[in-house]
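**Q** Listed here are the chains, written in short residue letters.
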Amino acid sequence: MLTLPMLAVHQPKSVDEAVALLRDIPGARLLAGGTDIVPNLKYGMYETGNLVALRGISRELRYIREEESELRIGAMCSVDQLANHARVIELFPSLADAASQIAGPQLRRMGTVGGNLCLDTRCVYINQSHFWRSALGYCLKKDGTVCHVVKGGQRCVAAASNDTAPILVALGAMVRLVSPRGERIIPLDDFYIADGVKNTQLARDELLVEARIPLAAARLRQAYGKLRLRQAIDFPALNFGVTISVEEQKVAALRLCVGALAARPALVRHVDELRGRPVSTPEEIRALGQELGLRAQRQCKPLTNIGVDPEWRREILPVLVRRGVERALLS
Amino acid sequence: MSNTNGYRWHDPIHAPGGVGARIPKSDGAAKADGSGIFTDDLSFPRMLHAKLLRSPHAHARIRSIDTSKAEALPGVIATLIGSEMPARYGVIPWTHDEQALATDHVRFVGDEVACVAAVDERTAEAALRLIEVDYEVLPALLSPQDALAHPEIKVNERAKVGNITKHVSLSFGDVDGALSAATARSHHTYEYAGNTHAAIEPHCAVARADADGNLTVWSSTQIPHYVHRELSRVLGLAPARIRVIQPLLGGAFGGKSDPFSLEFCVAKLALKTGRPVKLLFTREEVFYSHRGRHPMTMDVQVALDADGRIAAVDNKILIDGGAYASFGLVTAYYSGQLLTGPYRFGSYRFDSTRVYTNKPPCGPKRGHGSVQPRFAFEVALDEAAAQLELDPIEVRRRNFIGENVDTVNGQRITSNGFLKCLELVESASGWKERHGRMGRGRGLGVAGSMYISGTAYPVYPNEMPQSGVLVKLDRSGRVAIFSGASDIGQGVNTLLCQIASEELGCDPRDVTVVASDTDLTPVDLGAYSSRVTFMTGTAAREACGKLRTQLKLAAADKLGCAADQVEIELGTIRSAADAAKNASFMQACQWAEAREGRPLAETGGYRTKDIGEGKLGGEYRGGTIGASPAYSFTAHIAEVEVDEETGLWRCTNVWAAHDCGKALNPTLVEGQIEGSVYMGVAEAQLEEMSYTASGQHRGPSLLDYRIPTSLDTPLIGASIVESGDPNGPYGAKEAGEGPLHAAIPAIANALFDACGIRVRELPFTPAKVLALIRARDEAQRGAAC
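Going line by line, the protein sequences match chains G and P.
Under the working numbering, the first residue of the first sequence is numbered 1, with each subsequent residue one higher.
Under the working numbering, the first residue of the second sequence is numbered 332, with each subsequent residue one higher.
The set of hints was computed from the structure by calculation and includes no laboratory data.
Computed from a predicted model, the values in this text were never measured in an experiment.
Where is the CB? At the ideal position from N, CA and C, for every residue including glycine.
Keep in mind that a hint or two might mislead.
To be verified - To spell it out: a stretch of chain P is covered by chain G in this simulated footprint if at least three of its residues, at any positions, have a beta carbon under 8 Å from a beta carbon of chain G; those stretches are:
(1) 967–980
(2) 1032–1039
(3) 1097–1109
Said to hold, decoys possible - In silico lysine-lysine, DSS-like type, Cα no more than 27 Å apart, as pairs:
(4) 301(G) - 1099(P)
(5) 142(G) - 400(P)
(6) 400(P) - 42(G)
What the hints assert, rightly or not - Selected chain G positions facing chain P (in silico; Cβ < 7 Å):
(7) 3
(8) 80
(9) 230
(10) 231
(11) 233
(12) 307
(13) 316
Based on the sequences and whatever the hints tell you, model everything.
**A** This is the structure we're talking about:
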């Protein structure tokens, strides 16, 4: 079978200890549930001899609580916990829905919220064995200078494939990051950058410890949408989170965040023009959904980074978005 | 009916653990609780781990290989290159076109080039990167069309003409005349994508040479006997020096029915180093070893007369073989020869060409060679019937070929329960009330099929038994069956226990099956072409029947009655006249052992020539390929739901009825039907061996190569039809492969019922379905104008 490289596993007992280890050991990588990093290590995607295992601090970071008008989710919560948490289901059903659609039951029990938010980008040309990549020719993401997705491309377009990110961005979530220098709290939308090699602004010695969702966002009408060819296991072939604030039966605000296309989950632009649209009847809701879907389609360019026909994904994106809007507003 | 030894069959007695009983699989608990010993579970002191270096090029010459740096790596014990065992081999004796490791020519990305044995896998893997291979890259031929267009570029030297593995052209009756006289006709091209077995256990082999120079190879194979033969040929070692053992197997489906490089490499490395050697494939390597379903391009014509009878079928087939022949010679024949039932063809012609390409070699996957043409034919039949406004079930019923009849190409059909199969699925699915009336996006489709129960003749011509079984009883009351047959999950070991129970009255749990060990067990040709229940079952029945006679004779003496008055029932042997005169099975064994004055052991064998049907197959070149002692029949109805806005669809239900002659264990037969339907639906929905422009497999993993999860699997209603074949053991025929075929065309025909679209290209991806729906709408708009 595929072997893991020889690894030293460090087991910090606190967040401070963990980030100190990250600071002190160049190239060290984090191990939480292992559902992402272990196969990637077997594929030789990282040059590292050191893992910082977070199991010892899982107590510290395994919580879901309401505090200061926010729902705070510790990074070591499993995505299964998130999917089945009564308050999450009540306040942010779209988030619970997204979490419940990750992989399969066993992987959801191992995989963590922090791990899903920091999931490495994926591409059919990178999530392959060392032999496979060497046979085709290495690419921008690791060891190479070419992109097999975009001919002549200079920037890696491996796809953000997290299920929880698009809906958390649409809900206006923040993330708390801790390093030996202290902590910072930033919008999740700013956390991501459009670079497939590393699509977050997490510093080398920084740890994502918590996601925060304003409780006010619970009032938003919301839906998560995921396209996949199988009903389980698959990463998204396309996914999105949509939130709509409705006042007096009109759209007051709207956010649509689309994932699994490019290196980062992306908010669809120019949606403010849809403010004021009436949504009191199914026909009006459908019209809004169609309009939003077309805007998304104009901005989104599915690529061959995911092994599902890009042209088809582009074609059905408006349908999926319209249905998401209908789910959000009709339920 | 009697066999060559004059032994007479008796009527089955239906012991509770015997034939027809739903007893659990003999290895089921061990597989479920993890205690079963698979090849990879074997470990020996000082055992080395081997890894294969594979070609990164789809097509190249090897100028040189330098293993010196790898050998210098601490922990590396030996390396191996092709020139150390250059002999060519292959499962079919006429197409020896493979080498354990390439000596000078690599033919696909993943072709084996060198091997390293080291103290652990990690070291072996590191050593592979130190091997220097100087390649001269050659142009790669990645499609059969390209391979035909460029005969000057030779993918495989064995091809006599260009890149053709095998060309078969056969014609029966006046096809052109019938085509031109026909009332309804369908003529289209169909594309069947390649797909693979995806057995959960990756291939694994372990070899050990003992101090006396005997070599033992444990391998996850479904053909220990052929592996034995090819090891002997390639290693240049007498067969008597080689022992091949197949441990518990985690699925095969045809993907383990070739000899593979890993078996030769571990054997050679064990001989070279004097240490045991193991090689376990990664999932990626399983994809490169492949031997799965051949991609086929099929130009199919089906013509019906005014009464809806099949007047002519004409099929021109181009088969993408990949880099080696495997069973390809047979594939070329099967693609045509196995289509001629369950319907009567007025005339028939097929022209089939298998070509070499620079991709992983295709081979036999469940339903070998005939799944692809069956799909095309059953869709074309539906389409032609629609022109006559004939119900899809009615056209199939009307063309039923019958029992005890010869097909247009000279195959002898004995039992045939196809009409019963159709009737069962018709009523189970509510066809009459629902077909054509389910509204936009929902539909039902039907299809039928036929498959062989073993091939009439062995792969290498000889007069010896195709299956052999040795059964031993002793005074403990334990029964030991020595069988060369491979249990690959189909449950043959369980069936052997049931046959022993049926014949001898023993508890099936008191039977030990010693299986697939070439030192200990009689030769059986292996688990392929659905031959095992039919052939091994017949051999076991003969051996157990002889012992039954001995038990009866001994019991008659002791119980004081005539031998024909002795009755055997589970655990007991007694006088028919006086039930108080009885003894336990163990007591009977002791009486018989005493009476015989020697240990109790008998053998049984199967040869097609002994079953009394005369020479099977047509009187023409190739007429014996596809000839089988019996044929199974299947009918499926599939139900689909289509999302017309996205093309996403799902198969919600499949009703499958299968004529297996006699279900020796109905639970196992249902399992085979369900597994077959699952695999068929998978091929229709998802599976495809897809390659980059440079010939590299796009996603050799179970994440990228998608097989359905339980959530993607339809509800399956499996029904068994028992037509009672005159030649099968207790009337049994095959059940492992036939029930796959009909699932795919049934789904295609259901998509037509649901949306009015004809899908002719596998897999039916949502993108293709959506494109067809849009074209349909376009055509309707055009018609409306």
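**Q** Now tell me, hint by hint, if it's right for this structure.
**A** Verification of the supplied hints:
Under a criterion of three residues with beta carbons nearer than 8 Å to beta carbons of chain G, the stated coverage of the region 967–980 of chain P is upheld, 3 such residues being counted. Residue count for the region 1032–1039 of chain P with a Cβ under 8 Å from a Cβ of chain G: 5. That meets the three needed, and the coverage hint holds. Coverage of the region 1097–1109 of chain P by chain G holds. Counting CB-CB distances below 8 Å, 3 residues qualify, and the rule asks for three or more. The straight-line distance between the Cα atoms of residue 301(G) and residue 1099(P) is roughly 20 Å, inside the 27 Å bound, and the hint therefore holds.
Straight-line distance between C-alpha atoms of residue 142(G) and residue 400(P) comes to about 25 Å, which keeps the hinted pair within the 27 Å bound. Note on residue 400(P) and residue 42(G): the hinted pairing holds, with a Cα-Cα distance of about 24 Å set against a maximum of 27 Å. With a cut of 7 Å, the hint placing residue 3(G) at the interface with chain P holds, because the nearest CB-to-CB distance is about 5 Å. Of the supplied interface hints, the one on residue 80(G) is violated, with its beta-carbon coming no nearer than about 17 Å to a beta-carbon of chain P, more than 7 Å.
Hint on residue 230(G) holds. Least Cβ distance to chain P is approximately 5 Å, under the 7 Å limit. Interface hint at residue 231(G): satisfied, since its Cβ lies 4 Å from the closest Cβ of chain P, which is below the 7 Å cut-off. Given hint, residue 233(G) at the interface with chain P, holds; its Cβ is 6 Å from that chain's nearest Cβ, closer than 7 Å. Among the interface hints, the one on residue 307(G) holds; its C-beta lies about 6 Å from the nearest C-beta in chain P, closer than the 7 Å criterion.
For residue 316(G), the shortest C-beta to C-beta distance to chain P is roughly 4 Å, which falls under 7 Å, so the interface hint holds.
Against the hints set out earlier in the document, a violation occurs for number 8 only.
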